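Visitor: As a plain string of letters, each chain reads:
Number of protein chains: 2
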Amino acid sequence: MISEVIEKAAAAKKTAMALSVMDTKAKNAALLAVASSLLSSSKDLLEANKKDIEAAKSKGLSKALIDRLSLSEARIKDMAEGLKKVAGLKDPVGEVICKWKRPNGLRIKKVRVPLGVIAIIYEARPNVTVDAAALCLKSGNCVVLRGGSDAVNSNIFLADLISKAASSCGIPEGAVSLINSTDRKAVEDLLSLRQYIDCAIPRGGAGLIDMVVEKSRVPVIETGVGNCHAYVEASADQKMAQEVVFNAKVQRPSVCNAIETLLVDEKIAAGFLPSMIKHLKSAGVRIKGCSKTRRIDPSLEEASEEDWKTEYLDLILAVRIVTGIDEAIEHITKYGSGHSETIITGDRKKAGLFTSKLDSAAVYVNASTRFTDGGEFGFGAEIGISTQKLHARGPMGLSELTSYKYVIEGSGQIRK
Amino acid sequence: MISEVIEKAAAAKKTAMALSVMDTKAKNAALLAVASSLLSSSKDLLEANKKDIEAAKSKGLSKALIDRLSLSEARIKDMAEGLKKVAGLKDPVGEVICKWKRPNGLRIKKVRVPLGVIAIIYEARPNVTVDAAALCLKSGNCVVLRGGSDAVNSNIFLADLISKAASSCGIPEGAVSLINSTDRKAVEDLLSLRQYIDCAIPRGGAGLIDMVVEKSRVPVIETGVGNCHAYVEASADQKMAQEVVFNAKVQRPSVCNAIETLLVDEKIAAGFLPSMIKHLKSAGVRIKGCSKTRRIDPSLEEASEEDWKTEYLDLILAVRIVTGIDEAIEHITKYGSGHSETIITGDRKKAGLFTSKLDSAAVYVNASTRFTDGGEFGFGAEIGISTQKLHARGPMGLSELTSYKYVIEGSGQIRK
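Residue numbers (my numbering), protein chains in the order written: chain A, 85 to 500; chain B, 85 to 500.
FYI, nobody ran anything at the bench for these hints, they're computed from the structure. Computed from a prediction, not measured in an experiment: that's the story for all the values here.
In this list, chains with the same sequence are indistinguishable; a pair is considered to hold if it fits within one copy or across any two.
Using 30 Å as the maximum straight-line C-alpha spacing, the simulated BS3-like pairs for lysine-lysine come out as follows: (1) K376 <-> K365; (2) K98 <-> K168; (3) K174 <-> K194; (4) K169 <-> K500; (5) K183 <-> K193; (6) K433 <-> K393; (7) K418 <-> K183; (8) K97 <-> K433; (9) K500 <-> K168; (10) K393 <-> K299; (11) K98 <-> K299; (12) K418 <-> K269; (13) K500 <-> K362; (14) K183 <-> K441; (15) K365 <-> K500; (16) K183 <-> K194.
Isolated chain A (complex conformation) (with noise of 0.2 Å):
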């Protein structure tokens, strides 16, 4: 097994330099090759995945598990019409960030690269190794997969159709590789391929991000746990706080920037949070509330100091009653991931208090946090939401996967 790893590895690192220098054209005729394969191969494909689903049922995986691993025809049909849209996007590479002359007649231009070679560390959704292939490939970037287990022969079958279809355009051999080993070795070793490897990103829960990260030797860039806030203050139009929070809560609960914890200005508290409490319940969302919040509706759950801490990516909420802007920044400071926060304010002051101390990806004035999206953000597409600062921070779509060098023109300058 190591060796199917390093093979790939290596492989992967041995196409980097042709991949890097590839013409945006044939890129994005290697995506289209891609999309129309999937549709004429789409009976293959659900063959392969009911075998993934079988084996999954007789392993009494959840529904959700199930589901998630799940293609159909219209899955496939999203999946091509995804790498469509990623071929319509610009190509980041050989964009000349900035250029400046010294005064000693050198002329630098900072280039955009790609990063070289990527390891993609996810879990059991099939879509994400044509979404990750796909952005990889755009910008230039050689790509080693390592899916869910319980999506293997799904995931052999896709890696290998992209593969027989993007060097059909001329893409490099070994550009696009799957780790078919589902042996959780695999991707330690993977992770410990600094001379090949120039960074990871895992996409899945947490326990699959702290794994990564504890293991790996390459750069990684983490993604999505999301233990998102929506701070009410004083001042708010109460009818807007109710449509963010219900809205930043409810309209996909198991999203990373949906919210988990609402937190109100003591002020309003009596005034707003019945009928926010009402309306939130209406949507069947489960309501932990703190001693305060629970003098208001007695009938609430009681909020624990481990409810603050916790991303529940279900319809619960975590409620608590704060003093005033302060005590919110404090609170989202001591127990927030960093990902997304909202203020729902009419003063301007708090707001920029609120965007400039809170230490986090995105920072929300008077909108849902739901925003937090490569798409939404207006990238076209996105690899994840990274929640470390190095490198990239928040919505990674492709130009967060590129790096840059320095390219200087000189005519004989030697230094003094």
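Starting from the structure of chain A, add chain B where the hints point.
Guide: Chain B only, in chain A's frame:
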């Protein structure tokens, strides 16, 4: 000891928010206060430094190491000048990198923010204590310093002086601290504190850097290993080539941006090399040649496979004759460390191949590699030269010590 490390790292984290929103004027005043305190305390500092020098002598450390360790009135003055220079640089924090408006009316701003808490792990140069603290402070970052044990008396004195002078200007306690413990384990403890440290930057030799990369659980920016190359292409202006190669090797051989290997096109080797070798030898350079080079000059030592991989940091140069640009690129890709390379050529197409295909932080055409430096690039100062591709590459100035966050202003937008 673990308690010292945790205590100082936690204090830095706690202080990070206050420092991140600190006024530029206050930060500059603090830098100037440190500079004047350095000058007025030079006698006591030299006293502390003397203890380190005596200990180093009794341990039998090399002359070069003792020189790096030693302070003098002149070196203290240089440190003070460095602080004044950093005070004069533009504050990167708060810069709006870009902004745009979405069709739904959301206004998105990408704003530069400090990284947070930076750990700097370095060797026995006391001036790094001052440099690193100054750059971190100016860029709004708290810093936890861990210098080499041989400089511990100097470093404790300096860190204390910096803290006091800075806090007299309103810089919060804990913003600059030094791990006093000289136990190696303290470094490992520091590098395990993901909850407090946002980024670690090693400054020193390959051994130190490898140790930090190996041990760290916090994101690392690798700096400084430079196996740099010059390639004299067939169409080169040979006089220019002589000057550039000589400068890149001889002007300061102990630094990472000096060249270690010279590649020469076989078409011009017989004409070019004899005078080049003579010129280099006149400056005391020891030359190791490939078999083709030794056919031109049989007096040379033979270069081994190991030589192509070696960063001599000394007046030693490996020379190889190549069949053309493809072999030159292949050699550099195989053996280089991705730092700095230069081609001397009169052929624009060859120059383009060299700069686009080579995956190094800085790629030069007709100039010395010695310009890979924050000062020479016009950044005003540098914390190091990154040889990794994530986050920052090449010379790292103040901007490279920052991250960004998205600040999004709306009017009640919710996601459909």
